[in-house]
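Grab the two chains, each in its own frame, and use the hints to assemble them into the complex.
Residue numbers (the working numbering), protein chains in the order written: chain H, 1 to 315; chain R, 1 to 357.
Because the hints were derived from the structure by calculation, they are not lab data. Incorrect hints may have been included.
Said to hold, decoys possible - As a list, the in silico DSSO-like pairs of lysine-lysine whose alpha-carbon atoms are at most 30 angstroms apart:
| no. | chain 1 | residue 1 | chain 2 | residue 2 |
| --- | --- | --- | --- | --- |
| 1 | R | K16 | R | K232 |
| 2 | R | K248 | R | K16 |
| 3 | R | K349 | R | K16 |
| 4 | H | K311 | R | K248 |
| 5 | H | K311 | R | K232 |
| 6 | R | K232 | R | K248 |
| 7 | R | K248 | R | K349 |
| 8 | R | K218 | R | K232 |
| 9 | R | K248 | R | K218 |
| 10 | H | K311 | R | K16 |
| 11 | R | K191 | R | K269 |
| 12 | H | K311 | R | K84 |
Since we're looking at a predicted model, the values are computed, not measured.
Okay, here's what each chain looks like letter by letter:
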Amino acid sequence: MDVLFDILGSANFWAAAIRIATPLIFGVLGALICERAGVLNLGIEGIFVAGAMAGWLAVYLGAGLWGGVLIAALAGALFGLLHAFLTVILGLSQHVSGIGITLLATSVSYFTYRTALPDVSSPPRIAAFQPVSIPGLSDLPFFGPALFQQTPLTFLALVFVLLVALVLYRTPLGLAIRAVGDNPASVEAQGLSVVGLRVGAVVAGSALMALGGAFLTMSAFDAFFFGMVNGRGWICIALVVFASWQPGKALLGALLFGAFDAFQIRLQAQIGQVVPGQVFLMMPYLLSIVALIVVARRADYPRALLQPWTKGQRH
Amino acid sequence: MTIRLEPREDAGLGLKIGVSIAAGLVALLLVAIPVLFAGGSPLTAYGLMIQGAFGSMFAFSETLNRATPLILTGLACAVAFRAKLWNIGAEGQLYIGALAAVCVGSGLLQLPPALMIPTVMIAGFLAGGLMMVIPTVIKQRFGADEVVITLLLNFVVILLIQMLVEGPLKDPLSMGWPQSVSLIAEAKLPKLLPRLRMHWGLIVGLVAALVLWLMVRKTVLGFEIRAVGENKAAARFAGIPVDATMLKVALISGGLAGLAGVGEVAGVKGYLSSDLSPGFGYSGIVVAMLAGLSPIGTVIAALFVAAVFVGADSMSRATGISSYIADLVVALSLLCVLVGSFFLRFRVKWERQSVVA
Chain H
1 MDVLFDILGS
11 ANFWAAAIRI
21 ATPLIFGVLG
31 ALICERAGVL
41 NLGIEGIFVA
51 GAMAGWLAVY
61 LGAGLWGGVL
71 IAALAGALFG
81 LLHAFLTVIL
91 GLSQHVSGIG
101 ITLLATSVSY
111 FTYRTALPDV
121 SSPPRIAAFQ
131 PVSIPGLSDL
141 PFFGPALFQQ
151 TPLTFLALVF
161 VLLVALVLYR
171 TPLGLAIRAV
181 GDNPASVEAQ
191 GLSVVGLRVG
201 AVVAGSALMA
211 LGGAFLTMSA
221 FDAFFFGMVN
231 GRGWICIALV
241 VFASWQPGKA
251 LLGALLFGAF
261 DAFQIRLQAQ
271 IGQVVPGQVF
281 LMMPYLLSIV
291 ALIVVARRAD
301 YPRALLQPWT
311 KGQRH
Chain R
1 MTIRLEPRED
11 AGLGLKIGVS
21 IAAGLVALLL
31 VAIPVLFAGG
41 SPLTAYGLMI
51 QGAFGSMFAF
61 SETLNRATPL
71 ILTGLACAVA
81 FRAKLWNIGA
91 EGQLYIGALA
101 AVCVGSGLLQ
111 LPPALMIPTV
121 MIAGFLAGGL
131 MMVIPTVIKQ
141 RFGADEVVIT
151 LLLNFVVILL
161 IQMLVEGPLK
171 DPLSMGWPQS
181 VSLIAEAKLP
191 KLLPRLRMHW
201 GLIVGLVAAL
211 VLWLMVRKTV
221 LGFEIRAVGE
231 NKAAARFAGI
241 PVDATMLKVA
251 LISGGLAGLA
261 GVGEVAGVKG
271 YLSSDLSPGF
281 GYSGIVVAML
291 AGLSPIGTVI
301 AALFVAAVFV
311 GADSMSRATG
321 ISSYIADLVV
331 ALSLLCVLVG
341 SFFLRFRVKW
351 ERQSVVA
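Okay, chain R solo, but in the shape it has when bound (with noise of 0.2 angstroms):
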């Protein structure tokens, strides 16, 4: 018997989707081994994740509420890798956007909910968007490369966000914790069912990759950022502006990421504070890998890590292991996808060696 390798022309949906269920559940038996090393049972904690993330209404709502960012850090990894835009820096775009929110949304203007909600969200949009389009411009001038820079900014970012809610932004009120003045309550995003802290911010990304979805699909933009992504060099033979359309990508890629910092400030938190995100941005990338980088299954891909970071938080207060499993299920998520893609490329033939006469 040999293994031979036949390249793919191109792989069916059937294929990438079925490649992307199996990365997520082999993460998800790969963790049965730390949770035996930790002393528990892997089906008790399988169970009790699934009734964490799932069991009741609230545990269900409590699901979205988490999959909210991520499905939108999630669009603006998928949107850029697909143009071969390494933006790693989602997390720090995020948090630009949360705090443009903050400095629009907390008394400068005073507008009623229908104009005020729009007006933050642009300006969270512009901001994470103009945080992705710096580095972009870095590239194109100097030929910087953008995944250290994007990785770099990241904790530029994050000091930033701790240094202005430690001090020009910080709520006199907060009885000494460093977190910024509250948004006006016309700024806040309305919650989707009451009691629950669900919020509007989950439309806005639903909505998000449905435009997404139809603009890679159907428009000049976005068959350029295709073109882009397939061959820089074909595209721009072919009259395609390539760095133009590398700063689209860059500025809604961004914007998606900064629109997620908006959801967390105006739909959760209310105010802006260095640990806002707990890695909402890096989780971003797993998800749109996890997607294959289509909109569409970004979502539900931002379902998938939201239910195993809710359900390990729920496991790990019952059983007292680790919720860190969580972190564990989605780093192996990603190289198991990695993997996978691997099977997208290549057709693996086992072989009976044949006697030639």
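Bound-form chain H, shown alone (with noise of 0.2 angstroms):
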């Protein structure tokens, strides 16, 4: 019980939890936008590949850190295109679409990355992204540590958390991005345009993904390693039903993964020699799951999701 007690009042583990569950937002919000168009994006775990690298690689060849987001949510944007016009355009399998994204994203930039540096043994390393001081809120005893030393991505992935729950919710645009996920057809007795929906939220959703796999190598981390994504982007797919498809569930689940993952790593400290490390490494795969199973009865799956639309279509 001391050994909780220490975890959960330490400054420090607070902190861990919210950097972990950076990604997981990024990656959560991502697969909401698309899921909530009707499109599952299967290319997620990919397209967190593509991102770390391009984000990565961009700085490593001088581009500034913000160009360097720039030029990741821009690689995740052009495989999100792809998948929508698998998906969407040519209504083919969302599945396998997804399967085949995920594939190409990763060998694409890890032929790049191997391209660009062939002689390296050790990953080189960029000037990551620094946590910044927020005046006032950082200096406040315990809270200041634990929640607003935060790099600037973090704080990113918070605003469009934001943001995406005001344009879902409090837009025209936002409304029509729900209905096209759920009622196809009333969007299109409006003159919308069911594609053009589809397509914009999947490429925008797909370039929120990228951003989480770029947090990985410009700020959790300083290099590009292979296999670093680990699952990540499986894990917001599961997460992502947890959240029941809304912005302010899908922060919550990150972090509360994000509390947990924080906990196992120091928990595994305390008590490493007794159980080994992997049954710590597996419990969030283990989670996931579980989270899956927990909700899968009453997850309210959008109701038009993985079906294709043809223009004039009617039921």
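The following block contains the structure:
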């Protein structure tokens, strides 16, 4: 019990939880936008890799950090556009296209990295984002170091939660996006383009996913490693169900997940001699599976998810 | 001129084969771009790849060796996808099959090869099958999507394997390398030819393809699988036990992936380690799709994918172009065959706009 309170009482733990949650926030928001528009994007895992590699490489080759972020988002958008072309315009299987995008984005990234840096043995580093202080807030006792000493990308992720929530629930565009994933016929009846809305949502969502990857190489670490995404994309696909496709709950889910992960890392330091490390490393995946099982029965899937649309289609 | 799309009733076999071949060729053509980007000559690279995959008896045997697990994971995906059961977990099932082979075949049982090899195979099949039955039961009981669960389980399984080969299964003679104890000689699959790595797992894969082909066409289960895959509600209405059929498919699918793991442990490596498979499970998805989910086609598609990997390795050694070029071909093949499926569903017609008088 003492161990538990020691961990939960340290500002360091909460800071780590938010840090671990950041890529997931980007990823879940991205997946949420795609799925709200009716398109499952299993390309997420590969788009994470592409964002991580493209952002890092851009900075390594001389771009500024924010330039790298932009490049990462563009890389994500590009793969999103391909996924949208295959699934929305041609109406092909979203499962197969998503897996294909993941394989393609991953291999393009690995190939580009190997080709750009053929002879490196240890991954080269960049000067990554550093934590910024928010005047007043960051100096608060406990809450300052726990909540307000993060890198700019973390704050950006939180801004995006607000932004996505505002757009989805407070604008005509958001209404159209939600409708296109629930009842595309109603959108078309209003004279809006189902295809246009879906393509836009998938492209924007994929750009957000890529930012999750960029956070890994440009903020959490300062280098690109093979296999560094390690299933984070798939975890986001599970979390979006857990979050009932709502931005606020997505943030909550990602934070819970980050807290759990930060907790197990600290627990491992305490009792790591008794239990093999892999047991702790399995936790995030098992937790995602459990989360999925718990909510599955009452999950309120967007009704037109996975269903292609042809212009002028009638039921 | 306008383009008109006419839905097709059913695409002919010739067209299906044509689409798959075209997909592979287009994927190969497209990687000319990254080859140029890496400063190589595409023609030289293709030449070296073909030579590396088929240029000698040794090269061809390596291609067949590489195709062996791909046939089995390809079949695993093909049979599941046919029933619209999205098994993306062949990678994990392969490792669990390999794990079962090591558990049974490293000295626990002492039997002559004629009994030992089938025992090891059945253990691997059942273990891999169970690994797919679990997510299928979860899907049926709780409604949780099997795609994400099988994907996530792949990561869990790899960690489990790492834990075991560093712990209870660790070979004390491995000089600190994280690898399991070796299989006893009686449990190992014999080589097909002396001095080459090809082993009897290839025959197992070919027989499995044949059995599956017969099963899909000639048996009640095959009929049920096709019916469930085409329309679950209609199948249920027609009195087909949908849930039971899905569980059988899951067992067969996971089991085939498990057999792939048995083959790698008992036919190639002799021991289990966490780098046993360079993504055979994921490539199996591509193999199955390239094959149009046909068991016989799976064998040919597996040969193609294996040749790409073996050829690219050899090309990479000669030119310094990264061997990730193979992964690019495989990923592009999947997307190309997906685009090709569009032409299987629709007939594209170019029409001169007629002026209505």
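In ascending order, which of the hints set out earlier in this document are inconsistent with the structure?
As far as the earlier hints go, 4 and 7 are violated by this structure, in ascending order.
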